[in-house]
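Trainee: Okay, here's what each chain looks like letter by letter:
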Amino acid sequence: MWLGHKRQIAAGAPIDSDYAVVAEGLTKKFGKFVAVDHISFKVKRGDIFGFLGPNGAGKSTTIRMLCGLFSPTEGSARVGGFDIATQPDEIKSRIGYMSQRFSLYEDLTVEQNINFYGGIYGLEGSRLEERKRWAIGMAGLTGKESMLAHALSGGWRQRLALGCAILHEPPILFLDEPTGGVDPVSRRKFWDLIYDLSHRGVTVFVTTHYMDEAEHCNTIGLIYNGRLIALGSPTELKHSLDRYSVFEVQCTHPIDAMEMLQTQEWTTETSIFGSAFHISTLNLPDGEKIIQKLLKKEKIAVSRIEKIIPSLEDVFIHRIAEEDSRHTGVLH
Amino acid sequence: MRNILHIIRKEFLQLRQDRKMFGISFIAPVLQLIILGYAATFDVSHIPTVVCDFDNSPSSRELLRSFTSTGYFTIVGYFDKTSELDHQLDDGHASIAIVIPRGFEKKIGAGQSAPLQVLADGTETSTAGIGLSYASIIVSQYSQNILLESMVKRGSATLPARVSAEFRVWYNPELKSRNFMVPGVLGLLLMVMTMLLTSLAIVKEKELGTLEQLVVTPIKPYQLIIGKLAPFFMIGVIDVMLVVFFASLIFSLPVKGGVLLLLLLSLIFLMTTLGLGLFISTISRTQQQAMMTAIFFFMLPMMFFAGFVFPIENMPTIIQYVSYIIPLRYYFIIVRGLFLKGVGLNILWPQATALLIFGSIILSMSVMRFQKRLG
Amino acid sequence: MTMIPLNILPIVRKEFRQIKRDKRILSVLLFVPALMLLMFGYALNFDVKHTSMAVYDEDRTSVSRKFIEQFFISEYFNKVQTLNSKAEINGLLDGEHARVVLVVPSTFTKDIQRGGAASIQVIVDGANSNAAATVLGYINAIVQQYSVKVMTESFIRMGRQTMTMPIDFQPRVWYNPELESAKFLVPGLIAFILMVTAVISTALAIVRERELGTMEQLMVSPIRPLELILGKTIPYTIISLFATVAILFLGYLLFDVSIKGSILLLSLVTFVFLVGSLGMGLLISTLVETQQLAFMIAVFVSMLPTFILSGFVFPIRNMPYIIQVITYVLPARYFLVVLRAIILKGAGLSAFWDQALILVIYAVIMIGISSLRMRKILA
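Chains as they are written, first to last, in the working numbering: chain G, 1 to 332; chain B, 1001 to 1375; chain P, 2001 to 2379.
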């Protein structure tokens, strides 16, 4: 059983005992620039919560506020029942954090880094040894203990950083783009670890811009320009596009096809998808035939067209477009 | 409390990794001490002098001898044209030129006044000033002797009244400027070393990103600060001991006031420099910024205004007031007092107190600035 | 290798942009040199004036009082205390409440009146030997003057005519008649400020990119080592030249340091010196892996040595021979000679061509070695 977790339940009665993280109108301004714009959400204990969004959307800023690194300009949030503005110290001993950029000491060895952070989190003696062995094993760094962190490659580094973040078995884990620049195999392994932690009752708060990783989360928050533009489980989000029909089209001149189809009044979105493209339309019965006929007129041959369940990416693109049009007042 | 030890251990591990850093922290101060200690001298002796002796008489030669016998002047050339003297001064081959006109001896014998020209190269003001000063002493002595001699020769029973001064030099009887400079160099070195190290201490972690990971942990600000400063404290203390050792060895400069007292007061001084360095670290975003701030806004003013070479009494009043907030000023007084005068805490307590107050203030300011937040 | 023209413009532009972004660094490079000249120029001199003097008058007659007054007419001494006993002397000097103590013995007036040799005692705090030696000189001069007066009066009483001093001492000072130490210090100050600013500005230029990881990007680009070095040197040179103009202008304005010699020559030599010193900073930057170390080396190589060994404050001639040899390695030493020659003496190239040549060699060597090191790093 996750010891830290047990300890937390026993200590006093934190508010929102069902929710590990509660944010209400969280806002962060840097001068005039609004990085995070009144975000509100709740994360259930034991959930994997994914914060999805393009670069610069405000993901890192939000996570840093939740960890007590930034103070919010407006709004509030509670982590593990403690207020981030007034009780940051209580939060810090109960969370683990992995930053976007590798922030362990490059001029210390793997083992020295673990010893250091273990010590800071209050681990010592046999407990430290036990956790150290676990972290090294988990990260696949057995035999590499005396290697300088500097010499590790990307994948190992991330795992070492993760190991250091959970040495003290925190009930809540914040991971900021943990798989950035890591090869797909390592990424898979990483997510196996996250699943494992989640099964043990750890709440995991992840930010990412990889769509496929978002599918692994229990709940997803879509963040764009500092605003939360969608919130829900992956299934919920996909179904939110139910009133649209989405088709995947494989043809000879996708760009030209997209441009041409954009002019139709029932088209809402088109987006490139590998060598094919997706087009979402207002409910269009027999859409396949209509589209194929239109493209044939333009001498574009269609090799495949089918109606698909919208992917998260489709949802995302939709929401972003909606958000944009709301701001520029341009409809298409 | 444990956290402080963790930080200290980490700092030492990192230091050990950087062999060059380690070496420089200890070798550089000693090396600098030796070179600078030898170099920082005002002692003016053997001033290269050139002469045009147009009289070439026993009197003129005697006059010249009275110059060289003091050891302050060394004649490097005799010339028969004053334009030659100009060249020598111009090129910097000599600092002083003496011109003895024809008829020197005759005039003196006739009881008249014989002119004597002494030219000095004014670009090196201290040499020129002291050189002329010595020259005037020598000449007036010579003059007076001639007068008295002539009176004795004429058979006067009574000699006129005259006044002379008997000089006693305390603390540094041989007037070796080294004795004054070496303690000063010690203070300077210590200040530079420790401020240098600490001003980058926290910014480095900020710049590399490791500070973020640290701030997210439950460590308290004061623990982080003490942990970071402790290794530099130790390095500073070792540096003091090294310098004292070599100073007494090579310059025969023992610490008259006691090494223990020196160590104690140096520790208090270290508090201020480490505190200043730390403060700089908290107001800078990058290491480059920290470095420039440390050097141009702190170290250089301290080098110039704390009384190392340039006497504070000569400075405009405003700057004299400014010097009161420069910790190095007090340390210079302490270090010179201990090395040269052998005074004790009974004399130095004002300086020690000033340093304590300064140190506490700057350290608290730094701790306050270092809230555990990034923004 | 094909002779493709040097492509340094992109690097120059990037460096300028980076410098502009960091306002603090830009202001340091542009304004601080002039600011320092301002501060230091006013504050620093060796003139030994207003020395604190205490007096112990055992004689206490009008004669002794008049004698003591002689010391305080000019601005050389300040009377800080009149002592009542010899015992107070120790504490006074120990605590630095006075630097000189004048003791007039009780037999002073008597000795003079009966035509004998009167002697006073002067106790000097020798800690600052330079000041002490100068003070001794002043005191001696005053005593001598008084002695001549006493002698003359004595002669008159003895029925003789006024006596003439055998030697008419005519001291003259060249180039700096008032012996204002400012004239001596300002060129040195300029050399010092330029050297330190130059080395420090570039000392982190390269190692910073290594430490932060942006060096990799450069390694992948087709840039050549020499291009990188020159590209980094040029922006700083330009900025430093502005700073130099500011400094010289200020020096002329506030300290009457007018350039007697050729301004063109001065600019050329300064340019060469700057390139060399910036190159030295870059060289340091290529030799180490952490900014901390670069900082340390830069400071130890430029600040203290230039301050003490370049002839700025302490005349090189007075240093032990071995040390003098060491000073040959310092570029600031040569630059200072040239500066003083042009500014104070108005000399032409013939007077210092050898120093100027050394500066050119120095610049070439620095840039050259930096480029070589850069080649290793980029490879």
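Worth double-checking, as some hints may not be accurate.
Anything over 12 Å on all C-beta distances counts as not near chain P; from chain B, calculated [to be verified]:
| # | residue |
| --- | --- |
| 1 | THR1068 |
| 2 | ALA1114 |
| 3 | ILE1138 |
| 4 | VAL1139 |
| 5 | SER1143 |
| 6 | LEU1197 |
| 7 | PHE1233 |
| 8 | SER1252 |
| 9 | PRO1254 |
| 10 | LEU1261 |
| 11 | LEU1263 |
| 12 | ARG1285 |
| 13 | LEU1356 |
| 14 | SER1364 |
| 15 | PHE1370 |
Ranges of calculated distance between the beta carbons of each label pair, as one might list FRET restraints [claimed, not checked]:
| # | chain 1 | residue 1 | chain 2 | residue 2 | range |
| --- | --- | --- | --- | --- | --- |
| 16 | B | LEU1267 | G | SER17 | 21 to 27 Å |
| 17 | B | GLY1209 | G | GLU313 | 46 to 52 Å |
| 18 | B | SER1150 | P | SER2119 | 18 to 24 Å |
| 19 | P | ILE2263 | B | TYR1324 | 37 to 43 Å |
Honestly, the hints are just simulated from the structure, not real lab data.
We put the beta carbon where it would ideally sit given N, CA and C, even for glycine.
Trainee: Run every hint past the structure and note whether it holds.
Mentor: Outcome of the hint check:
1. THR1068: Given that every Cβ of chain P is farther than 12 Å from that of THR1068/B, nearest at about 17 Å, it holds.
2. ALA1114: 6 Å, violated
3. ILE1138: 10 Å, violated
4. VAL1139: Since the minimum Cβ distance to chain P is about 5 Å, VAL1139/B lies within 12 Å and the statement is violated.
5. SER1143: 5 Å, violated
6. LEU1197: 8 Å, violated
7. PHE1233: 17 Å, holds
8. SER1252: Fine: 15 Å to the nearest Cβ keeps SER1252/B off the interface.
9. PRO1254: Correct as stated: the minimum Cβ-Cβ distance to chain P is 15 Å, above 12 Å.
10. LEU1261: 15 Å, holds
11. LEU1263: The claim holds: LEU1263/B sits with its nearest Cβ about 21 Å from chain P, beyond 12 Å.
12. ARG1285: Not fine: 8 Å to the nearest Cβ puts ARG1285/B too close to chain P.
13. LEU1356: Consistent with the label, LEU1356/B stays out of reach of chain P, its closest Cβ about 19 Å off (over 12 Å).
14. SER1364: SER1364/B clear of chain P: closest Cβ-Cβ about 24 Å, beyond 12 Å.
15. PHE1370: 19 Å, holds
16. LEU1267/B / SER17/G: 21 to 27 Å: About 52 Å separates the Cβ atoms of LEU1267/B and SER17/G, which means 21 to 27 Å is violated.
17. GLY1209/B / GLU313/G: 46 to 52 Å: 31 Å, violated
18. SER1150/B / SER2119/P: 18 to 24 Å: For SER2119/P against SER1150/B, whose Cβ atoms are near 22 Å apart, the range 18 to 24 Å holds.
19. ILE2263/P / TYR1324/B: 37 to 43 Å: Once the Cβ atoms are compared, 41 Å apart, the range 37 to 43 Å for TYR1324/B and ILE2263/P holds.
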